[in-house]
Amino acid sequence: MTITEDAPAGHVGSRRLRKEDPALLTGEAKFIDDLALPGAIWVGVVRSSEAHANIVGIDGSAALEIDGVNEVLSGEDLAPLWGEGALPCAWPVTPDMKNPTHLPVARSTAKYVGDAVAVVLADSRYAAADGAAAVVVDYEPLPAVVEIEDAVADGAPLVHADLDSNECYTWGLWGDNAPAIDAAFAEAAHVVSERYLQQRLIPAPMEPRGCAAVPSPAGGELTLYSATQIPHILKVMTAVVLGIGENKLRVVAPSVGGGFGCKLNVYAEEILCSALAMQRGAPVRWTEGRAEAAVSTIQGRGQVQHIELAADADGKVQAVRVKLLADMGAYLQLVTPGVPLLGGFLYHGCYDIPNYMFECTSVFTNRTPTDAYRGAGRPEATYAVERAMDALAVSVGVSPEEIRARNFIGADAFPYESSAGLVFDSGDYQAVLDKAVALAGLDERRAEQAQRLTDGSSKRIGIGLSSYVEMCGLAPSRVLASLDYGAGGWEAATVRISPTCKVQVVTGSTPHGQGHETCWSQIVADKLGVDPDDVEVLHSDTAISPTGLDTYGSRSLAVGGTAVYMATEKVIDKARAIAAHQLEASEDDLEFSGGVFRVRGTPEAEVPLAGIAFAAFTAHDLPDGMEPNLEAHVTYDPPNFTFPNGTHIAVVEVDTDTGDVDLVDYVAVDDCGVQINPLIVEGQVHGGILQGAAQALYEDAVYNSDGQLVSANLGDYLVPSAAEAPRYRLDSHATPSPTNPMGVKGVGEAGTIAAAPAVINAVVDALRDLGVTDVDMPASPQTVWRAIADAQGGAS
Amino acid sequence: MTAVTLTVNGTERSLEAEPRTLLVHALRDDLGLTGTNVGCDSSSCGACTVLVDGQSAKSCTMFAVQADGADITTIEGVADADGTLHPMQQAFHEHHALQCGYCTPGMVMAAISLVEEYPGLDENGVRHGLEGNLCRCTGYQNIVDAVLAAAGSGGD
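Chains A and B, in that order, give the protein sequences. According to the numbering used here, numbering within the first sequence proceeds without interruption in unit steps and concludes at 796. According to the numbering used here, numbering within the second sequence proceeds without interruption in unit steps and concludes at 156.
Keep in mind that the hints were calculated from the coordinates and are not lab data. Please note: incorrect hints may appear among the correct ones.
Per label pair, the in silico range of CB-to-CB distance [what the hints assert, rightly or not]:
(1) A/D716 to B/T11: 35 to 43 Å
(2) B/G83 to A/D637: 36 to 44 Å
(3) B/D80 to A/N70: 44 to 52 Å
(4) A/S458 to B/Q55: 37 to 45 Å
(5) B/D80 to A/T773: 53 to 61 Å
The structure presented is a predicted model; accordingly, all values stated were derived computationally and were not measured. The beta-carbon is built from N, C-alpha and C at its ideal position, and this holds for glycine as well.
If we strip away everything but chain A, and leave its shape as in the complex, we get (with noise of 0.2 Å):
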């Protein structure tokens, strides 16, 4: 570890508290809807209210009386803005994906409830609306297909009449295993064969999207605000899609109000705003309500799992194999296709599993389109593999924790070469259970739950285990290439110095929540010697920060934050140069700490770095050849990924009478390696899990058979409250990643990934004597009364 040598202020690992809360505590904070734009025209968007229907009619009459709606546009009408420009999707997994055509707004069939069929263009938010409810659309019904099994059925109705099945791709990662997998299945002394469900979840930020485009009629110029994760992506796909030049396009993501991946995308109403804009040479806004919301951007999840695991006497795993039905929606968004990729390498789990298959096929439904939610991919392969190891313990007689623990991948196998192809950095997975385990205090626990049983007690206790690992810090280009990714992994950082010693960062990743400029001040305050509040961190502007690839995949620390390290070092080697030059001395001899370039051994031969800024800016006496300033820029593209891990133990009590779940105690231990600010870190980890937790109890995107979602606002679905959430305990146990100079590896999406197999297992566990082996999320009172109805013979 380099990061502390420097670095006596300590600001590394120290709770400091976060530099962007005033803005954000006080109301100052501009999120998308904030932005005043006098003169702008809104935006309604009529939606379809069927799942499959051809659009016959099109009458605005009724919208255009009312005061305020100056225009009804159908597809017909959009289609020029656009010409043979489409939707994007930046991960063709396969070369024969189907990858249908995805316009902003349909033309002639609407194939989801929500897909956009016309729009209005009003004066106010309030005409936008009235405007779009008035528009009456003629619809042709057409077959629908809803359920991901019934898409692969014989006879299934076909969501997009041109293809010749809802089949969009076929992936598989097996290699030449086969014949190893099949004997280890044959010799295996018990096999686990499960089927597990992940519902559709709605992601739900507390800010709904929006954007707003303003042109510049005069240079032809055009600024795109938007609610999103990625305004570098988005900028490349908008000129792309729009055929705008990139040197006339700014897009500026300003405060976001939380994304978990529903903004990493490039949506319709973007390329909507942006074309009208550039046409009407007005600025042009859209703000999305939240019921809108439910079916107009992305859900996640949405899969039938089924996982084997062939185990010998003793309970080591020899095999897994894993067969994936994974619903795309009705179109592909920017990343759809490649999110169950991203869990295709890890239903191993944190096990040394010698042979290893996976195969995924997806397929379109007519339902809004999947992409990336919190963990994308990685959630569902956990759960799958944290599940079916409970299942293999029960086979095998043996605790959660000792199967766990005859299967981990060994403290001292690192770097560990897994069987699905990937190279995991570090880590101790014993050391982090043992602590989970006693930080759960789960023999007392376990004597309470015995004690329950003995009492006759309704109310059970149920424990439950997750183990996890997540390939984070997305990613090196190369193998980005290797999966046919559409664009590289790489991330971008610039570091200033001014004449007055204050350092400005420009970092490429864009923050909607995660503390990008506490953390990143931290780093920077370390190496340079100087205050955290004297570093300004720029992001999500590009024109200020024009390079930059954004924020998902747990990737802003272990790629930007590295990135912002190295410029970091990049300044402190030219000012050591110019340190050098001033004290006559060669660089080698200098040290530089606390701000102060010294003469080893001639400690009154000495320069502060604010001085070594100050003749940077004036260039009188430079190194011959040295450029003035002190600016250095660094774009940093991974050697591998990073691979957080951790075990989270939950006990929930049920009661067995109403099937009522309650979620009494839950404990962390994660690895995220070295922690820049264990504050945020804890914030991180205190949110996923009850994402993760909502999955597994409370969130459903319910569709009826008609593919009408029924669960469409927030009374319906069940976002929890704090009356819900239970209190957490975390620890820690960082194993250094080697993979980066700071020993980082992300911890975005640890919480979301370890909580639902943990709590599900948990209820598994409180209802296992009563025969249940399988609880579907989200485990509601009915479900789980079910549950025990049916294990007891039907009772229902």
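Given chain A's structure and the hints, the job is docking chain B onto it.
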């Protein structure tokens, strides 16, 4: 259009509103007080919580005309004039009770009202008292701790 006169953060303000204009849109669009956020369209999320005559209210669930003559406090009005944060804002800062910050103005206003109305709240009381305010980032633990701390320090 109907004339509406409100006292907002201590200052009398007048505006013309349609009868159906929501209070939150009057505050945001007519008075430029964009600190109060809109997170849903079903009175579920609480992002738009303000104080109406001292009591917390979801400003998406009131018409502007209903607030005629009322005394409204929004997030912009709780810190001191010199910028010193209200004790509840300060407690949120010190406990890392916000991440993206979108729910935060409503959460802070609801919390201010809660501790004023129910002195001596315990953790369970805080959790149930805030169940009308959703946060997607924090998992609530730091919010609960912040509210308890502010209540303990006489947070008003």
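Hint check:
The given range of 35 to 43 Å is respected by A/D716 and B/T11, whose C-beta atoms sit roughly 40 Å from each other. Between B/G83 and A/D637, the C-beta spacing of about 43 Å keeps the proposed range 36 to 44 Å intact. Look at B/D80 against A/N70: about 45 Å separates their beta carbons, and that is inside 44 to 52 Å. Separation of A/S458 from B/Q55 is about 40 Å and conforms to the stated range, judged on CB atoms against 37 to 45 Å.
Separation of B/D80 from A/T773 is about 60 Å and conforms to the stated range, judged on CB atoms against 53 to 61 Å.
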